[in-house]
Structures are given as structure tokens and as C-alpha cells.
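Asker: As you go down the protein sequences, you meet chains A and B in turn.
Those letters in the first sequence? Residues 1 to 201, per my numbering, in order.
Those letters in the second sequence? Residues 202 to 402, per my numbering, in order.
It is worth saying that the hints were derived from the structure and are not from the lab.
Each hint should be verified, as a subset may be incorrect.
[Said to hold, decoys possible] Using C-beta positions, here's what the derived DEER-type ranges look like:
#	chain 1	residue 1	chain 2	residue 2	range
1	B	D353	A	A190	45 to 51 Å
2	B	A246	A	A92	50 to 56 Å
3	A	D198	B	G308	28 to 34 Å
4	B	D398	A	S53	36 to 42 Å
5	A	G107	B	P289	42 to 48 Å
6	B	G241	A	G91	49 to 55 Å
7	B	G383	A	H122	16 to 22 Å
8	B	P329	A	E123	23 to 29 Å
9	A	G90	B	D353	49 to 55 Å
10	B	A286	A	H122	28 to 34 Å
Positions of the beta carbon are idealized from the N, C-alpha and C atoms, including for glycine.
Protein chains: 2
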Amino acid sequence: MGAVSAVDRDRAPKQDRSRATRQRLLEAAVACLAEHGWAGSTVSAVAERAGVSRGAAQHHFPTREDLFTAAVEYVAEERSTALRALFPEGGADRHAVVSALVDLYTGPLFRAALHLWVAASHEEQLGPRVTELEARVGRETHRIAVDLLDADESVPGVRESVQGLLDMARGLGLANLLTDDGGRRERVVAQWARLLDDALG
Amino acid sequence: MGAVSAVDRDRAPKQDRSRATRQRLLEAAVACLAEHGWAGSTVSAVAERAGVSRGAAQHHFPTREDLFTAAVEYVAEERSTALRALFPEGGADRHAVVSALVDLYTGPLFRAALHLWVAASHEEQLGPRVTELEARVGRETHRIAVDLLDADESVPGVRESVQGLLDMARGLGLANLLTDDGGRRERVVAQWARLLDDALG
Chain A
1 MGAVSAVDRD RAPKQDRSRA TRQRLLEAAV ACLAEHGWAG STVSAVAERA GVSRGAAQHH
61 FPTREDLFTA AVEYVAEERS TALRALFPEG GADRHAVVSA LVDLYTGPLF RAALHLWVAA
121 SHEEQLGPRV TELEARVGRE THRIAVDLLD ADESVPGVRE SVQGLLDMAR GLGLANLLTD
181 DGGRRERVVA QWARLLDDAL G
Chain B
202 MGAVSAVDRD RAPKQDRSRA TRQRLLEAAV ACLAEHGWAG STVSAVAERA GVSRGAAQHH
262 FPTREDLFTA AVEYVAEERS TALRALFPEG GADRHAVVSA LVDLYTGPLF RAALHLWVAA
322 SHEEQLGPRV TELEARVGRE THRIAVDLLD ADESVPGVRE SVQGLLDMAR GLGLANLLTD
382 DGGRRERVVA QWARLLDDAL G
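Bound conformation, chain A alone (with noise of 0.2 Å):
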């Protein structure tokens, strides 16, 4: 477990430290593929930039298939459940919903997330892992968008409505990539939460 002293270990439960090192990993891994991108993504790299050993990290995540597909899904489940505090009410505002389920798209994860998406499909190891991975990530979206915005999906066409929502979310991260397309997205989020509303009823 690295470098602590007699004193934090009797200060800290193991268990504890533990988790905090995993969690240290998992977040720099988010960092690291976001900036560098898979071919720039190891987990020494990763190690270094978290501050903790090689070896550690390798206790922690034996492959590098492993770290990163644990720290895009660690930070996806982060995400979700800070989604569903926005708004823990109910009967929220749906541009702001829509919003802020566009936010989720534009930010590191997203970034961290395409790299992953786009090494799998052509690096044989991590394609079903990031596959599974992806279905699981994005089926729990598709159920908070349905709960924020209030969809009642046995109405027919209230699922395919949220599921092109979250499909032009993503099409908005990627448009986000390369430039800051923050002024266009505004607008483009504003029009498609007011088509959404009228189809929503």
C-alpha cells in the first residue's frame, strides 16, 4: 500500500485506506485517458499522476484493461448519483433536466469514456469489457432521464423520445470535443427540451 507512516496506519482503519487509494486510482485513470487517450493511458502512468506505487496500483488493477473500464464506470456511477441529487424533489423544470443530462456529455468522463469506446472498437481485449460496460452505463441514464423528466413510457413513442434525447446528448459531447461549442448547445438544448416537453404532454 505505499509509503504510510506506523502512525496513519494505526490511524486510518486498513480497509479505509484502501478504498481512498482505489478511489485516487479510479479518478486519476478518468484524468489520464481524457487528456492522453488510450495509447497515452498506463497504469504507471496512472499510479504516478494518483501518487501511489506501481505495485500498489497493480494490487488494486492487475491489467490496464482493468483499471480504466473500472474508472469510467466508478466515475459514471459518480455522475449518476449526483444527477439524481440536482433534483431530488421531482417535478423539475424540464429544460433544466435536459440540461443537465447534456452536461453529463461534455465534461472529462465523456472524454475519458469516447477514448475507451473508440480503443475497443479495434483493440480485441477491451471490446466486449467496454461493450457490457457501455450497455449497463447506459441503460442506468436512460432510467434517470426517464424519472427526471417525468416520461411515462407506456405512452407509445415516450421511450424512442428519451432514448434520441440521450442520443443527441452524446452527439453534442463529440461536437464538444475539438471546439468549445457551449453557445451553440445552449440553444440547441433550449429548442429540442421545448420539442421534448410538447411530446412528453
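Given chain A, work out where chain B should sit, using these hints.
Answerer: For chain B alone, coordinates are given in the frame of chain A:
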């Protein structure tokens, strides 16, 4: 210009042969990028795939960046022309137009462009060229979409409705990268074609 016999040399004017070689290189470059990503795409690999000598390839495209940005631009133009040709009369069914627009983002061109895009986000030599290319291709696709959908951009919200549609198409392309997403995509396209039809009047 590689191994061309004296007979061929007489048959086709030099300029035509040069143009045909260039075109073969561009098409091979897009296929290579779509299959192997930026890291696996070199001028040599493309020259071999196109059946052209490395020297001839470098005569046409002095650098790797020249070849791959030209390739994505060339194929994007070909696809734009093909898309316009699909609906020569105007007044086409909006669902058919939306389907055809979304199809632009699910084939090898989108895959190639995506690899180039993602590489450009952390390769300095590629960044400005790809940003400029994407802006140009994006504007042209928007113009085509407005024409084919018979959309009146002087009406508030119409421009943003069309932009959001193209963002959704891009997001659908991304969703199709790792798994065949055709069934879901068709249902999303049908629903959003309906919503857009209402919005555009």
C-alpha cells in the same frame, strides 16, 4: 506514378491516371482509418492497400496528416453529393430524409472521421486541420439537411431543431460503433422524424 505499362500510358491521359491514383489512395485511407484507427493508419499501409507505390503516395500526399484529412474530406463530399442525388425533386417525405441523414453517421466514413477526430483531440499536428475540416463538413451537412427537410430557418427554433437532429444522428453513429444498433436506431429515427415534422410545420 507506379507500375503503369506503356500501353496504359497511351490509353489514358496522364492527368486521368493521376486522378484515379489519388482517388484510390483516398478511399483506401478512409477504409484503413475506419478499421485500424489513427495509430494503425500510416501512408505505407494505405499505399499497400491501394496497390500504389509508397513514392507515388507521397507524391500526392507529402504527410500522413495531408492524406487522412484529405481522405475524410473527399469521402464526406462524395456522400453529400450522393445524399442530394437521393432526393432530386425536393418535397421528399421527412422520415425518409431523416433516415438518409442518420445513415451518413453509421458507415465507414463516420468511423474514419471519428478516429481522426479523437486523435486530433490530443495530436497537435492534427488538431487545427481537423477542427477546420469538421466545421466545413458540418456546415455543408447542415445546408443539405435544411434543403432536403424543406425547413424555413427564418422561423424561430427551426435552425436549432435541425442542428439537434444532426447532433442526434452523430450520437446514434457513436452508439453504433461497438454494437449493431440498427433496430433501436430505426425506432428512434421514426419517433424523432414525427416530432421534427410537427416542429418544422
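Asker: The structure should be examined with respect to each hint, and the outcome stated for every one.
Answerer: Results of checking the hints against the structure:
At roughly 19 Å, the beta carbons of D353 (chain B) and A190 (chain A) sit outside the given window of 45 to 51 Å. One distance hint, 50 to 56 Å for the beta-carbon pair A246 (chain B) and A92 (chain A), holds here, with the actual separation near 51 Å. Between D198 (chain A) and G308 (chain B), the C-beta spacing of about 32 Å keeps the proposed range 28 to 34 Å intact. Checking the proposed 36 to 42 Å range against D398 (chain B) and S53 (chain A) shows it is violated: the Cβ atoms sit about 60 Å from each other.
Look at G107 (chain A) against P289 (chain B): about 43 Å separates their beta carbons, and that is inside 42 to 48 Å. The supplied range of 49 to 55 Å is met by G241 (chain B) and G91 (chain A), whose beta-carbon atoms lie about 50 Å from each other. For G383 (chain B) paired with H122 (chain A), a C-beta distance near 21 Å keeps the hint of 16 to 22 Å intact. The supplied range of 23 to 29 Å is met by P329 (chain B) and E123 (chain A), whose beta-carbon atoms lie about 28 Å from each other.
One distance hint, 49 to 55 Å for the beta-carbon pair G90 (chain A) and D353 (chain B), is violated here, with the actual separation near 38 Å. For A286 (chain B) and H122 (chain A), the hinted distance range of 28 to 34 Å is satisfied, since their beta carbons lie about 32 Å from each other.
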